[in-house]
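J.: Now for the letters of each chain:
Number of protein chains: 2
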Amino acid sequence: MAEFTLHCFAQSGNAYKAALLLELAGADWEPVFVDFFKGGVRDPEFLELNEMGEVPVLEHRDTRLSQSGVILDYLGGLVGSFAPRSAVERREVLRWTFWDNHKLTSYHATWRFLVNFAPKGAVSDDVIAFLEGRARAAMKTLERHLKGRDWIASDQMTTADLSCAGYMFYEDEFPYDWAAEWPSVTAWKERIRALPGWKHPYELMPGHPIGQ
Amino acid sequence: MAEFTLHCFAQSGNAYKAALLLELAGADWEPVFVDFFKGGVRDPEFLELNEMGEVPVLEHRDTRLSQSGVILDYLGGLVGSFAPRSAVERREVLRWTFWDNHKLTSYHATWRFLVNFAPKGAVSDDVIAFLEGRARAAMKTLERHLKGRDWIASDQMTTADLSCAGYMFYEDEFPYDWAAEWPSVTAWKERIRALPGWKHPYELMPGHPIGQ
Chain A
1 MAEFTLHCFA
11 QSGNAYKAAL
21 LLELAGADWE
31 PVFVDFFKGG
41 VRDPEFLELN
51 EMGEVPVLEH
61 RDTRLSQSGV
71 ILDYLGGLVG
81 SFAPRSAVER
91 REVLRWTFWD
101 NHKLTSYHAT
111 WRFLVNFAPK
121 GAVSDDVIAF
131 LEGRARAAMK
141 TLERHLKGRD
151 WIASDQMTTA
161 DLSCAGYMFY
171 EDEFPYDWAA
181 EWPSVTAWKE
191 RIRALPGWKH
201 PYELMPGHPI
211 GQ
Chain B
1 MAEFTLHCFA
11 QSGNAYKAAL
21 LLELAGADWE
31 PVFVDFFKGG
41 VRDPEFLELN
51 EMGEVPVLEH
61 RDTRLSQSGV
71 ILDYLGGLVG
81 SFAPRSAVER
91 REVLRWTFWD
101 NHKLTSYHAT
111 WRFLVNFAPK
121 GAVSDDVIAF
131 LEGRARAAMK
141 TLERHLKGRD
151 WIASDQMTTA
161 DLSCAGYMFY
171 EDEFPYDWAA
181 EWPSVTAWKE
191 RIRALPGWKH
201 PYELMPGHPI
211 GQ
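Here the protein sequences come in this chain order: A and B.
Just so we're aligned, residue 1 is where the first sequence starts under the numbering used here, counting upward by one.
Just so we're aligned, residue 1 is where the second sequence starts under the numbering used here, counting upward by one.
Simulated from the structure, these hints should not be mistaken for lab results.
Just so you know, not all the hints are guaranteed correct.
Identical chains blur together in the list; that is why a pair holds if it fits in one copy or across any two.
Under the rule of at most 30 Å between Cα atoms (straight-line distance), these lysine-lysine pairs were calculated in the DSBU-like manner [said to hold, decoys possible]:
no.	residue 1	residue 2
1	Lys147	Lys38
2	Lys120	Lys147
3	Lys140	Lys38
4	Lys120	Lys140
5	Lys189	Lys147
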């Protein structure tokens, strides 16, 4: 059995945040597939594992954690990769990780799900347009922040970058013209993509034909 | 000048999380009013203070923080109130604080804003209904979690309770029949309301007639 077990599925950018950290750090980890699209996160058995009904869930010895922000904080300290180097830096990392959860990932994940995976007509176009507006507002903040910077919360890559990048590699599932609309975000993504061991979420986690 | 300065306004439940901690802990703090309804968080001057364009912002000596989750983590440790007592408990506190930011506060804040404060017709009824559905799903998770428990992340009150309670005292601004629909949440709220020094957000922060 691997040292770290991650309950996840390929389409979850929140799970990808943790999976990518484990992979880039060269950790001994294995994914456990959660069949989200067949209601896997609402099964009583899964709710026993995580009452929040969400992936990722990380298991490591006696520790079981959910919420990508907590998992990143825990793993960063443990494997020594991408962890903040001071209390001040740690607060800046947490600050952008909270912002990501509240503003960037939340709207991107929901918008993308409704456009790409939900049954046609599950929600009205007004809802899609509303979520797109919110997602774009968050992207403007990120683009402004990354202009002239390499990394989000420090002069080196931290878990804040992993958090904010969670949904950014599903490029084709957003209607953005990435390089034209978000040049600084795109350059930052390319820095992450260039890291040794980087993998696309569909290759890194189970549940997508590419990764089979 | 007070030891802690909190940039806030009365209608912000995110700011209330920090304001209530400062007040309950008996800290030396003062609010600075941000005129959100006149675009105060989009002013270039405010964006200098917080590029995320959000309250709360806490200033304490050389430290300036935004994101309620980080401020709660910082203040809890500093004033010694509601802070976790171990690494395990700290992770559980963070876990519920992230969940709150992602699922509970995010949908409640946006839904409440559109229903109570936005111009009529600013968004369609479909958007309101969508946000209500998401908010209610989060409430179900919280209600289930609090059944048979006094506090969210520990056997004592922690900053996770303050985070999740951020919008819960604006009762009249949600269409819930609180006690009937959410009995465990209501009992938990009453435990918070009964704390010495508790104040309603409209009394604790500037910008509402009650607090003038």
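J.: Now tell me, hint by hint, if it's right for this structure.
T.: Results of checking the hints against the structure:
no.: 1; hint: Lys147 / Lys38; result: between (41 Å within a copy, 28 Å between copies)
no.: 2; hint: Lys120 / Lys147; result: neither (37 Å within a copy, 37 Å between copies)
no.: 3; hint: Lys140 / Lys38; result: between (34 Å within a copy, 21 Å between copies)
no.: 4; hint: Lys120 / Lys140; result: both (29 Å within a copy, 26 Å between copies)
no.: 5; hint: Lys189 / Lys147; result: within (13 Å within a copy, 43 Å between copies)
The structure fails hint 2 only (numbered hints given earlier).
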